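Undergrad: Sequence:
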Amino acid sequence: MLKRLFLFLFSLVLIAGLTAAVILYGRGYRFDPKDKTISPTGILSVSSYPGKSSIFINGKLISATDASLTLPPGWYEIKISKEGYQPWKKRIRIQGEVVSQIDALLLPFNPSLRAITFTGVVSPHLSPSGTKVAYLVKSSEDDPATGKNRSGVWLLELRTGPLGTKPDPKQMFSINPEGAELIWSYDEKEIMVVFRPAALPIQQAYLMETESGLSIMPIDVTLRAEEILQEWEERKMLKHKSSLASLPKNIRQILTESADGIKFSPDENKILYQATDSASLKLVIDPPLIGSNPTEETRKLEKGKYYIYDAKEDKNYFLADTLPIWYTDSKHLILIDLDKIAVVDYDGTNKRSVYSGPFTDNLVFPWTSGGKIVILTNINSSSSADFYDVDLR
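Oh and the sequence shown: position 75 is 75 in UniProt numbering, straight run, nothing missing.
Honestly, I wouldn't trust all of these hints.
[What the hints assert, rightly or not] Here are the in silico distance ranges between beta carbons for each label pair:
| hint | residue 1 | residue 2 | range |
| --- | --- | --- | --- |
| 1 | N176 | A64 | 52 to 60 Å |
| 2 | R93 | K300 | 20 to 28 Å |
| 3 | K148 | E268 | 23 to 31 Å |
| 4 | A67 | S140 | 21 to 29 Å |
| 5 | T276 | P248 | 14 to 22 Å |
[What the hints assert, rightly or not] Below, simulated SDA-like cross-link-like pairs (lysine to any residue); rule was C-alpha separation at most 25 Å, straight line:
| hint | residue 1 | residue 2 |
| --- | --- | --- |
| 6 | K239 | S258 |
| 7 | K303 | R224 |
| 8 | K300 | L323 |
| 9 | K189 | K303 |
Worth flagging that the hints you see were computed from the coordinates, not collected in a lab. Fair warning: this is a prediction, and the values are worked out from it, not measured in the lab. We put the CB at the ideal spot given by N, CA and C, even for glycine.
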């Protein structure tokens, strides 16, 4: 009887011990043979684009992406590299029982350049969501497909099809573009073509749907143009206020009273803004979230500088002195510095040059499916400027 009781108790203790060991192992605890102790560890989950990139920790090659690495708590210098690409570097803090994530974007040393348009591009205007760009063409040539003169309003959709195909630019309105101005509606379903001499009332205005081609003629809205534009502006402001409404009160107040040029990231979790006055952001999440971005933040704002506020983690980072542009993945931004274009992580780290050369009017925007940025440049000085994509893959 005692033997059976002993076996039962032994089995119970063994099962409990094994269960506890499995739980502790899953939470990151490891046996240290040197100190003969069980210590908590953290997990570093590393992914990258492109994949199969080398992972260096404190200067030593450890593994290749994608990988999950178990590390003792502490600070580590991480480098992700691949032949032909600029390395990604960051100082990362590992905490016990916490998973820290890295998703590194590697950028090529020598990106390729490819023409998108061949008609010449004048006065391009990006849609509010950044998914389309409207522009004017001044040409004496006819389109062989339609027989229409190429001059007028054109539309380029910044998307890639399921099979990797890209839509060709399409002519929306055949008209003499001299003196024309393009204005997007707040929901980008319409474009208004306005002829308005400087400091004078609108002389002529046409309204067109962005989905329509030459088969549907734009509507003459000259008499109602100012009223329509006013309505668009009001709708735009309502949409802007609605986006800010979900933010904590003190953050919303700072962005309303001491900031301008507010741009939400494509996933709407981060906010790019320019400080218009000195101010301080109060903590919303205190203490900070476990496993949050370890990059040092800046909560004291200086007038004229650009910052990124991460609403999910309540972190604020100084980014640049000049206007940045959101990249499509919401994790990076594009910076323009004279004749150079760089891509930087949203927390201000890993600034890397991707293009150095001439481009027009500081016009740069990302292709919506990622992997490319679009510039307006004139490769041949004897021809008009056209759109080119800079391939970052």
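Undergrad: Now tell me, hint by hint, if it's right for this structure.
TA: Checked hints:
{"no.": "1", "hint": "N176 x A64: 52 to 60 Å", "in the structure": "holds (58 Å)"}
{"no.": "2", "hint": "R93 x K300: 20 to 28 Å", "in the structure": "holds (22 Å)"}
{"no.": "3", "hint": "K148 x E268: 23 to 31 Å", "in the structure": "violated (40 Å)"}
{"no.": "4", "hint": "A67 x S140: 21 to 29 Å", "in the structure": "violated (59 Å)"}
{"no.": "5", "hint": "T276 x P248: 14 to 22 Å", "in the structure": "holds (20 Å)"}
{"no.": "6", "hint": "K239 x S258", "in the structure": "holds (19 Å)"}
{"no.": "7", "hint": "K303 x R224", "in the structure": "violated (39 Å)"}
{"no.": "8", "hint": "K300 x L323", "in the structure": "holds (19 Å)"}
{"no.": "9", "hint": "K189 x K303", "in the structure": "violated (35 Å)"}
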